[in-house]
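All chains, full assembly: derive it from the sequences and hints.
Those protein sequences? They're chains A and B, same order as listed.
Each number in our numbering corresponds to the 1-based position in the first sequence with 426 added.
Each number in our numbering corresponds to the 1-based position in the second sequence with 8 added.
A few of these clues could be false.
Which bits of chain B does chain A cover? Going by a derived footprint, with three or more residues having C-beta under 8 Å, they are [claimed, not checked]:
| no. | region |
| --- | --- |
| 1 | 71–83 |
| 2 | 89–95 |
| 3 | 103–109 |
No wet-lab data here; the hints were simulated from the structure.
Glycine included, each C-beta is placed from N, C-alpha and C at the ideal position.
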Amino acid sequence: MTRVLTPGLVLLVAALFCASLAVGTIWFPPITLAHALLGGGVPLVREIVVEIRLPRAILALLVGAITGLSGAVLQGLLRNPLAEPGLLGVSAGASLGAVIAIYYGFAASFALATPLFALAGAMAVIAVALALSRRGGTLALILAGVAVSTIAGAGVSLALNLAPSPYAAYEIMTWLMGSLADRNWDHVVLAGPFILIGAGMLFATARALDALALGEAQAESLGVNVCAARLLALIGTALGIGAATAVAGTIGFVGLIAPHVVRPLVAHRPGATLLPAALAGAAIVLAADLAVRTLPFARDIKLGVFIAVFGAPFFLWLVLHLRRVSP
Amino acid sequence: MSTLSLERVTLRRGERAVLHEASAHFAPGRLTAVIGPNGAGKSTLLLVAAGLLAPDAGEVRLGAVPIAQIGRQALARRRAYLPQAPQVDWPICVERVVALGLTAHLPAFGGLSAALRARVGEVLEQFDLTALRERAATELSGGELARVMLARAVVGSPEVLVVDEPTAGLDPRHALDAGRRLRALATAGCAVVVALHDLDLALRIADDVVALRDGVVVEQGAAAAVFTTEVLSALYDVEMRVVRDAHGASVRVW
Numbered sequence: 427m428t429r430v431l432t433p434g435l436v437l438l439v440a441a442l443f444c445a446s447l448a449v450g451t452i453w454f455p456p457i458t459l460a461h462a463l464l465g466g467g468v469p470l471v472r473e474i475v476v477e478i479r480l481p482r483a484i485l486a487l488l489v490g491a492i493t494g495l496s497g498a499v500l501q502g503l504l505r506n507p508l509a510e511p512g513l514l515g516v517s518a519g520a521s522l523g524a525v526i527a528i529y530y531g532f533a534a535s536f537a538l539a540t541p542l543f544a545l546a547g548a549m550a551v552i553a554v555a556l557a558l559s560r561r562g563g564t565l566a567l568i569l570a571g572v573a574v575s576t577i578a579g580a581g582v583s584l585a586l587n588l589a590p591s592p593y594a595a596y597e598i599m600t601w602l603m604g605s606l607a608d609r610n611w612d613h614v615v616l617a618g619p620f621i622l623i624g625a626g627m628l629f630a631t632a633r634a635l636d637a638l639a640l641g642e643a644q645a646e647s648l649g650v651n652v653c654a655a656r657l658l659a660l661i662g663t664a665l666g667i668g669a670a671t672a673v674a675g676t677i678g679f680v681g682l683i684a685p686h687v688v689r690p691l692v693a694h695r696p697g698a699t700l701l702p703a704a705l706a707g708a709a710i711v712l713a714a715d716l717a718v719r720t721l722p723f724a725r726d727i728k729l730g731v732f733i734a735v736f737g738a739p740f741f742l743w744l745v746l747h748l749r750r751v752s753p
Numbered sequence: 009m010s011t012l013s014l015e016r017v018t019l020r021r022g023e024r025a026v027l028h029e030a031s032a033h034f035a036p037g038r039l040t041a042v043i044g045p046n047g048a049g050k051s052t053l054l055l056v057a058a059g060l061l062a063p064d065a066g067e068v069r070l071g072a073v074p075i076a077q078i079g080r081q082a083l084a085r086r087r088a089y090l091p092q093a094p095q096v097d098w099p100i101c102v103e104r105v106v107a108l109g110l111t112a113h114l115p116a117f118g119g120l121s122a123a124l125r126a127r128v129g130e131v132l133e134q135f136d137l138t139a140l141r142e143r144a145a146t147e148l149s150g151g152e153l154a155r156v157m158l159a160r161a162v163v164g165s166p167e168v169l170v171v172d173e174p175t176a177g178l179d180p181r182h183a184l185d186a187g188r189r190l191r192a193l194a195t196a197g198c199a200v201v202v203a204l205h206d207l208d209l210a211l212r213i214a215d216d217v218v219a220l221r222d223g224v225v226v227e228q229g230a231a232a233a234v235f236t237t238e239v240l241s242a243l244y245d246v247e248m249r250v251v252r253d254a255h256g257a258s259v260r261v262w
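See below:
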C-alpha cells in the first residue's frame with residue numbers, strides 16, 4: 427500500500443489538475459485543451475485556459491499541498507494529531523494583515539495590497555510566537571501560538587465591528603471565507619516562491635520528525651538538532667501558509683485532514699507522511715475548487731466554506747475516534 | 009572504547025546547584041549504577057554525562073576529548089541515551105522504532121542500507137523481539153516496550169550507554185531481565201551507566217557505584233565498597249543494612 431500510495435496520489439492530483447482546466451462554465455475536450463496549452467487554437471479558448479483556469483489550478487495545487495504538508499510537519503513536530511497550521515496563528519495573522527489592507531482601503535488602490543499585507547501579517551505573528559517561546563519547549567510554542575492567534579482574531583473582529591461601511595465589512599467577510607475565484611498569474615508569482623521555499627524547509631524536517639516520535643530527549647540523543655528542526659518547521663509554515671492565506675484566504679481543515687488520511691497508509695511514520703500529505707492536500711483543494719465551480723448547489727459557496735462544511739464533520743469524527751482509542 | 013569522565017561538573021537551575029562539582033568515571037566494560045534519593049540529581053547527572061545538557065562549570069570527556077567538541081552526529085554514533093519511561097507517540101511498528109536507533113548512521117539521503125537492516129534484525133533477535141516486529145509500539149506491555157527501547161539504544165553498537173531508571177514500573181521478572189541485558193552489554197565492552205532506585209538489582213548487576221545526594225557525589229567506587237550499611241544509611245536517611253548470605257546479597261531497610 428505504501429509503495430503505490432505516492433504514485434497513486436500523483437495520478438489523482440494530475441487528473442484533478444487537468445479536470446480543473448477542462449471543466450467550468452464551458453467544458454473543453456482534451457484536444458482543445460492541449461491546443462490551448464501549446465499556444466494554438468481559438469484565442470478565446472486560450473485566454474480562458476491559460477489566463478483564467480491555469481493560474482487558478484496552480485494556486486489550488488500550491489495552496490492545498492503546502493497546507494497538507496505543513497499540517498503533517500506540525501503534527502509530527504508537536505506530536506499532537508490535532509495540530510494544524512492555524513494553531514500557530516499564521517492564518518490568523520495573515521487574515522489580520524489582509525483585513526488591515528481592506529479596511530484602510532489599500533486594497534482598492536493597489537490590487538496586490540491584500541496578499542502583501544497578509545504575508546506581512548503572517549511573518550509578524552510567527553516572529554512574535556517564536557520570540558515568546560524562545561526559552562520554552564513545544565508547549566510554550568503552542569501556547570504562544572494560541573495567544574497571538576487569539577489577538578489576531580480579535581483584531582479581525584474589531585475591524586469588522588468598526589467597519590467604515592457595510593461594503594467594507596462585506597469585503598472582509600468574503601475574503602475571510604477563502605476563495606480562488608478571480609485569481610491570476612500575479613497571485614501565482616507572488617505566492618509561488620514563498621510556498622516553494624517554505625515547502626523545501628518543511629521537507630527538510632522529515633528525518634527529525636521520525637526521531638521525534640520517541641520524544642525530544644531521545645531525538646536529541648540520536649543526533650537530531652531539535653531546535654533547528656523546530657525553526658525550520660515554523661519558518662517554513664510561516665512562509666508557506668502565510669503566502670497561501672495571502673492569495674486564497676483562510677482554507678481551514680485541509681492541514682488537519684490531509685495528514686490523517688494518509689498516515690495509516692505509511693505505517694504512521696511521521697517523516698514518510700509529508701509527501702503523501704502534501705499530495706492529499708492538493709487533491710482535496712483541487713477537488714473542492716472543482717466542486718464549487720461546477721456543482722449547481724455549490725456555485726455561490728466560497729471554497730473555504732465548502733471545505734469547512736465537509737471538514738468539520740471529519741474533525742468531529744477524529745475527536746470521537748481519538749477518545750475511543752486512547753486509554 | 010573510551011572512558012567517560014565528568015570533572016568537577018556544576019549545573020545550576022536558577023540559584024540552586026542541581027549538581028555541585030560532581031566528578032565520576034565510567035569505564036568501558038563496567039556497569040556503573042548511579043544511586044541516591046529522589047531529587048539527588050541522578051537524572052541531571054545522566055543528561056550531562058550523555059552530553060545532552062551543558063554544565064555551567066566543569067567538563068565531560070569521552071576518552072581524552074571534551075564531549076562538547078565531538079559533533080552531534082559523531083556523538084550520537086558513540087553513545088546512546090534512554091530517558092526515564094520512554095514513550096512512542098505514534099503507532100509505529102517495533103522494527104521501525106528499533107531502526108530509529110540508527111538515525112545517526114543513515115546516509116545524508118536514502119534509507120537503511122542492507123547492512124544496517126541486517127543489524128536491526130540481529131538486535132531484534134537478541135532482544136527476543138522477532139515475533140513482535142510488526143506490532144505497533146503503542147500496543148506493547150510495559151515490559152515489552154522497555155525491551156524495545158533497550159534494543160533501540162543498543163542497535164547502533166554504542167561505546168557508552170546511559171540509561172535512566174530502566175526498571176521503573178516493571179515487575180520483578182522484567183526488571184531482572186532488563187538488568188541482565190544491561191549486565192551483558194557491559195560484559196561485552198560497553199560503558200554502561202544506569203540510574204537505579206532498585207538497590208537489590210544494583211547490588212546484583214553493578215561493578216561500580218556512584219552515590220549522589222543533593223547534587224554532590226558522596227561516595228564512588230567498586231560496588232562492594234559503596235554498598236555498606238554506613239554509606240547507604242547516610243545516603244537515604246534511613247537505617248539500611250546489606251545482608252549477604254548463601255543466596256547472595258540484599259539491602260534491607262531496618
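Hints, one by one, checked against the model:
no.	hint	result
1	71–83	holds (count 3)
2	89–95	holds (count 5)
3	103–109	holds (count 4)
Consistency note: the structure conflicts with none of the earlier hints.
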